[in-house]
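S.K.: Residue numbers (the working numbering), protein chains in the order written: chain D, 1 to 213; chain R, 1 to 561; chain Z, 1 to 406.
Keep in mind that the hints were calculated from the coordinates and are not lab data. Some hints here could point you the wrong way.
Said to hold, decoys possible - Per label pair, the in silico range of CB-to-CB distance:
1) Z:Arg401 - R:Leu272: 30 to 36 angstroms
2) D:Val57 - R:Phe471: 47 to 53 angstroms
3) D:Arg115 - R:Arg391: 28 to 34 angstroms
4) R:Leu425 - D:Val57: 42 to 48 angstroms
5) R:Ala467 - D:Val57: 23 to 29 angstroms
6) R:Leu272 - Z:Glu396: 31 to 37 angstroms
7) R:Leu362 - Z:Arg401: 41 to 47 angstroms
Glycine included, each C-beta is placed from N, C-alpha and C at the ideal position.
One letter stands for each residue in the lines below.
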Amino acid sequence: MKEKGLFLDGVKITLGGRTLIELSRHVRPGGVLTVMGPSGSGKSSLLAYLAGFLDPVFTASGRALVDGIEITRLPPEERHAGILFQDPLLFPHMSVAGNLIFALPESLKGRSERRAQAEAALEGVGLDGMGTRDPATLSGGQKARVALARVLLSEPRMLLLDEPFSKLDMDLRQQMRMLVFDKAHERGLPVLLVTHDEADAEAAGGETVRIGE
Amino acid sequence: MLMLTRLGPALVILLLTGPIAFGLAGTVLPAFGFLPVLGGMELTLRHFRDLFSEPAIFTSASLSLTMGLATAFISLLTVMLFIAGYAGTRAIGRVQHLVSPLLSLPHAAAAFGLAFLIAPSGMLARLISPELTGWQRPPDLLIVNDPMGLAMMAGLIVKEIPFLLLMTLAALPQAPLPQTRMLAASLGYGRMAGFLLGLWPVIYRQIRLPVFAVIAFASSVVDVGIILGPTRPAPLAVRLVEWMDDPDLSMRNLASAGALLQLGVTGLALALWLGLERLGAALCTRMAMHGWRFRRDALIRAAALAAMVLAAAIVLAGLCSLLLWSFAGLWQFPDALPSSFTLRTWMRTLPSILEPLRMTLLAGLLSTLIASLLAILCLMNEDETRRRPGRGALTLLYLPLLIPQVAFVFGLQLFLVYAGMLATLPALVLAHLVFVMPYAYLSLKDPWYAFDRRYDQIAAGLGKGRARRFFSIRLPVMLRAVLTTAAVGFAVSVGLYLPTVLVGAGRLTTVTSEAVALASGGNARVIGAYAFWQMFLPAAGFAVATFMPTLIFRRFRGMQV
Amino acid sequence: MLKHFLAAALLCTASLPAHAEDFTAADWNKVLEEARGQTVYFNAWGGAQNINAYIGWAAGELRDRYGVTLKQVKLDDTAHAVATVLAEKTAGRDEGGSVDLIWINGENFAAMKERGLLLSPGWAQDLPNWRYVDHENKPTITTDFTIPVEGLASPWGMAQLAFFYDGARMDAAKLPRTADELLAWAEANPGRFSYPQPPDFTGTSFLKQVLLEKVTDRSVLDRPVEDDVFAEVTKPLFDYLDTLHKVAWRSGRAFPQNYPAMKQLLADGELDIIFAFNPSEASSAIANGELPDTVRSFTFPGGTLANTHFVAIPYNANAKAGALVTANFLLSPQAQARKQDPAFWGDPTVLSMEKLDPAARAGFEAIDLGIATLKPEELGPALGEPHPSWMERIEEEWNRRYTAEN
Numbered sequence: 001m002k003e004k005g006l007f008l009d010g011v012k013i014t015l016g017g018r019t020l021i022e023l024s025r026h027v028r029p030g031g032v033l034t035v036m037g038p039s040g041s042g043k044s045s046l047l048a049y050l051a052g053f054l055d056p057v058f059t060a061s062g063r064a065l066v067d068g069i070e071i072t073r074l075p076p077e078e079r080h081a082g083i084l085f086q087d088p089l090l091f092p093h094m095s096v097a098g099n100l101i102f103a104l105p106e107s108l109k110g111r112s113e114r115r116a117q118a119e120a121a122l123e124g125v126g127l128d129g130m131g132t133r134d135p136a137t138l139s140g141g142q143k144a145r146v147a148l149a150r151v152l153l154s155e156p157r158m159l160l161l162d163e164p165f166s167k168l169d170m171d172l173r174q175q176m177r178m179l180v181f182d183k184a185h186e187r188g189l190p191v192l193l194v195t196h197d198e199a200d201a202e203a204a205g206g207e208t209v210r211i212g213e
Numbered sequence: 001m002l003m004l005t006r007l008g009p010a011l012v013i014l015l016l017t018g019p020i021a022f023g024l025a026g027t028v029l030p031a032f033g034f035l036p037v038l039g040g041m042e043l044t045l046r047h048f049r050d051l052f053s054e055p056a057i058f059t060s061a062s063l064s065l066t067m068g069l070a071t072a073f074i075s076l077l078t079v080m081l082f083i084a085g086y087a088g089t090r091a092i093g094r095v096q097h098l099v100s101p102l103l104s105l106p107h108a109a110a111a112f113g114l115a116f117l118i119a120p121s122g123m124l125a126r127l128i129s130p131e132l133t134g135w136q137r138p139p140d141l142l143i144v145n146d147p148m149g150l151a152m153m154a155g156l157i158v159k160e161i162p163f164l165l166l167m168t169l170a171a172l173p174q175a176p177l178p179q180t181r182m183l184a185a186s187l188g189y190g191r192m193a194g195f196l197l198g199l200w201p202v203i204y205r206q207i208r209l210p211v212f213a214v215i216a217f218a219s220s221v222v223d224v225g226i227i228l229g230p231t232r233p234a235p236l237a238v239r240l241v242e243w244m245d246d247p248d249l250s251m252r253n254l255a256s257a258g259a260l261l262q263l264g265v266t267g268l269a270l271a272l273w274l275g276l277e278r279l280g281a282a283l284c285t286r287m288a289m290h291g292w293r294f295r296r297d298a299l300i301r302a303a304a305l306a307a308m309v310l311a312a313a314i315v316l317a318g319l320c321s322l323l324l325w326s327f328a329g330l331w332q333f334p335d336a337l338p339s340s341f342t343l344r345t346w347m348r349t350l351p352s353i354l355e356p357l358r359m360t361l362l363a364g365l366l367s368t369l370i371a372s373l374l375a376i377l378c379l380m381n382e383d384e385t386r387r388r389p390g391r392g393a394l395t396l397l398y399l400p401l402l403i404p405q406v407a408f409v410f411g412l413q414l415f416l417v418y419a420g421m422l423a424t425l426p427a428l429v430l431a432h433l434v435f436v437m438p439y440a441y442l443s444l445k446d447p448w449y450a451f452d453r454r455y456d457q458i459a460a461g462l463g464k465g466r467a468r469r470f471f472s473i474r475l476p477v478m479l480r481a482v483l484t485t486a487a488v489g490f491a492v493s494v495g496l497y498l499p500t501v502l503v504g505a506g507r508l509t510t511v512t513s514e515a516v517a518l519a520s521g522g523n524a525r526v527i528g529a530y531a532f533w534q535m536f537l538p539a540a541g542f543a544v545a546t547f548m549p550t551l552i553f554r555r556f557r558g559m560q561v
Numbered sequence: 001m002l003k004h005f006l007a008a009a010l011l012c013t014a015s016l017p018a019h020a021e022d023f024t025a026a027d028w029n030k031v032l033e034e035a036r037g038q039t040v041y042f043n044a045w046g047g048a049q050n051i052n053a054y055i056g057w058a059a060g061e062l063r064d065r066y067g068v069t070l071k072q073v074k075l076d077d078t079a080h081a082v083a084t085v086l087a088e089k090t091a092g093r094d095e096g097g098s099v100d101l102i103w104i105n106g107e108n109f110a111a112m113k114e115r116g117l118l119l120s121p122g123w124a125q126d127l128p129n130w131r132y133v134d135h136e137n138k139p140t141i142t143t144d145f146t147i148p149v150e151g152l153a154s155p156w157g158m159a160q161l162a163f164f165y166d167g168a169r170m171d172a173a174k175l176p177r178t179a180d181e182l183l184a185w186a187e188a189n190p191g192r193f194s195y196p197q198p199p200d201f202t203g204t205s206f207l208k209q210v211l212l213e214k215v216t217d218r219s220v221l222d223r224p225v226e227d228d229v230f231a232e233v234t235k236p237l238f239d240y241l242d243t244l245h246k247v248a249w250r251s252g253r254a255f256p257q258n259y260p261a262m263k264q265l266l267a268d269g270e271l272d273i274i275f276a277f278n279p280s281e282a283s284s285a286i287a288n289g290e291l292p293d294t295v296r297s298f299t300f301p302g303g304t305l306a307n308t309h310f311v312a313i314p315y316n317a318n319a320k321a322g323a324l325v326t327a328n329f330l331l332s333p334q335a336q337a338r339k340q341d342p343a344f345w346g347d348p349t350v351l352s353m354e355k356l357d358p359a360a361r362a363g364f365e366a367i368d369l370g371i372a373t374l375k376p377e378e379l380g381p382a383l384g385e386p387h388p389s390w391m392e393r394i395e396e397e398w399n400r401r402y403t404a405e406n
């Protein structure tokens, strides 16, 4: 378990005595684990558990490690779990660049350096020069790409995806899938994907776990 | 930070229950003769005997009782019929815009406005005289201060209607409006009947505590009673404050005994209301059983709309005539306008208004700041523990609004005298906080819950700690809601009369306590100038809350309303 | 006597003259020194804007001249201040009290004197400006409501009941000349007369005026009230009121709260005859645009109630020196002249014109008392106040009878 990647070690989430999820898996860097299940099956609770926001009504046992570090013992902000939800959730009171700069680690100093990194990240998702824009003026696809760029800038140790493509149009959806999985692969990030869309699972290409069926 | 949020609820409970518990104790003990300050150590029922032998004490008590019930009943009825007739239409929004500013207006200012409107020499009489009435001089009619308390009731109703309307509108989204409406319509029910039978019970459950607060307030209000209420005898609470002020300190025992009677009167009013609730429920059931459809409700709908608009119009017209008075030179009856305009009143009152103005701002801003901080801490703690406050906690929060102010502010004053804290700024801020806190929490609660917590989770995923998340994300995104909360709190503080008078002890005065003190002089010009500040300050607060976020985030469309 | 005060009450200044049997300027300088920087809470009825403005003016002068900060605590009833001091005394707060100076007379003065709530021994005669006070010709300066003042309060102004009417609406020849004529007038003009609801002092003054006119033997009112005679002595008064209320404004179902309220009602044309405890009130109201300039004054030839109002210092006042300086300033010819000017207040002075130097006297003579003010010689005889206990009983009885309608 000192290996790279995400280890789910006997993770078990119960709600009022009912077991929702019981799982042990290893997701290697760049790999994807897809969790599928109908709504209410508790698949999102797994995500919340890993990110550190599990509602206290759930009971969780087991542990999760990323690159040998037991993240489940850390406060949420130290887990470096990059999250993408089905909504892009760009901070509405910051410009596009502001959103990106906010995501940069605090260790990176210097205004111009931070700004340059943000610009580069925008280029990386094909949105060059959009830094000064108000996020509310972007199209759905642009927002999704900014959200991706934002999460990547924060130097995450893993990606947690909560049906991130479900609100996009068909053709955009395919593009975004490619983009996200390529970037994750490129960076060697283990990915946990929660979805009820078979096509997502297919595109992800990794192992699929079905729960609640 | 974690420690702080845990502290939040504890502090709030302490701040709310502490003054109330001590205050009630400080009222109950003297009522039974225990008042060591005055050397009273024996337990006796003498003061209650004295109380009940006071002339016309039961008239006063029953005035207070009817005031509470009738005010709540008429205000609620108006709001209910209006909502039933217009929910889901654009009229709601328009009336809401008309009525919302009235919410922040201190009761006393609204009462002044009404008084100067309806008095025999008031604006209305001037407008129609002598052409329509033939009055060259004001008629000798007892309108303001009428023995039945009708003027006082009207003054309360025009203020409670906005309050109940906004409370109802806040509860409205929780009721499945379009579905029920379609269902009821398909069954052939009239628009209003369908609403009342199908949705009102759900909504009413949400606004029950505010309705109780209206009953408690109207049955024990002092300032509106002084301005508009009967004088022979005055409503109970007004008389209690007079006794409390009597140079004969043994009257304090009497006042305390009276405060317990007030507690009983308000309690009785609430109990009777519970009975009325049952009656109303039974009536609804019967109507539903009979299957009456009430399809022709156009008249009632129009009447409800008219009543809403009238309530707002009365207050606004009253305020306008007050403002006119403040600039008036000689203005004799029946002239509709002053014969000359002058700045004299403003020049003369300005020096003496500066100090109350300063104290209003100081007490208002401090209590608002503390209350807003505590409300945020409490809500953060709720996020932490993922537990929403239960019925008990909400009732606790409403406690200062449900217990008659006289019943515990009397006792609180006594404790402050003991502690040598009377008429100090901290004591005044504390007293205001007791009343500002509930409103601050209640107004922040819904926007707080509405905040998409995934923003917070994303920020945490980006590696940002709690403090950073709060100050960089949550606070700016919620700036409008937080400022509105502060504006609500500030408006409440500006309007507080009794706590200011008793705790400020005449040395710390606010524009409201000064304005009510001037009420007895009947000087319309000076009252007009003070009432202006009373309406201006809360309005300024709301203006800041509206325009500041707009200005700060003018570049961001997602941050505009 | 100032030395007693200084020794007993003035904080920690130990270096006082040992043999200051006579008042010396040095003592007063000590007081001035002590007063500098103090804040004086002046508890004064705050129902009249012109008076508040006058006090505001005095505050400015005191700050500039003596470094004393004067803050008016506006009362709607002076009894509040009495209650505060009494509460403090009962709570054992014998120092650092919250009231420094009270505007007072009558029952409140009597109550405070009787309960030992006033700074004593008497200090008023030791104030530098006492030398101008007309105590020889104005007996109410030394005897307030039959109670000897004994220097426990410093005179501030004179008051006498005077009536006002609007000459544009009423014929000056038909004005009532006695309380009985007033009642007859009210019966002929229903709804046009009223009086402030007791315990407002203007209202109780009216009750005393009627009592003084209707009582058979006035001397009984100089003594404390006795239970067995009260009903008999006051019966004519209450019979009078019973009749009056039937024809009064609002049929006696409501009363104006105080004099300013009556003034407003006169301006609005609701009342035709009002009265104040200050003969120049009408002129100052005209000057302020609150009453039309057709308003005039009249009085009863048989005399009207008169008294003096004072300022007093509670025994536990926090800023005693500052309060003394304030009391002295309020007695100064300049302050008194401004007070007598209807443009500011219009309250008659307690000073003797003979005792003033010519320049100061000229200041008084230059005052335009206003068209509506009766000259001192036109005011008629001054009727002395009854013993305060009478008023307390009459207020009680008034409440018992009239608190509730019917």
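S.K.: All the hints need checking, so say for each whether the structure fits it.
M.R.: Do the hints match the structure? See the list:
1. Z:Arg401 - R:Leu272: 30 to 36 angstroms: Given a distance of about 32 angstroms, which is inside 30 to 36 angstroms, the answer is holds.
2. D:Val57 - R:Phe471: 47 to 53 angstroms: 29 angstroms, violated
3. D:Arg115 - R:Arg391: 28 to 34 angstroms: 52 angstroms, violated
4. R:Leu425 - D:Val57: 42 to 48 angstroms: This hint holds: roughly 45 angstroms between Cβ atoms.
5. R:Ala467 - D:Val57: 23 to 29 angstroms: Between Ala467 (chain R) and Val57 (chain D), where Cβ atoms are some 27 angstroms apart, the hint holds.
6. R:Leu272 - Z:Glu396: 31 to 37 angstroms: 35 angstroms, holds
7. R:Leu362 - Z:Arg401: 41 to 47 angstroms: At 45 angstroms between Cβs, range holds.
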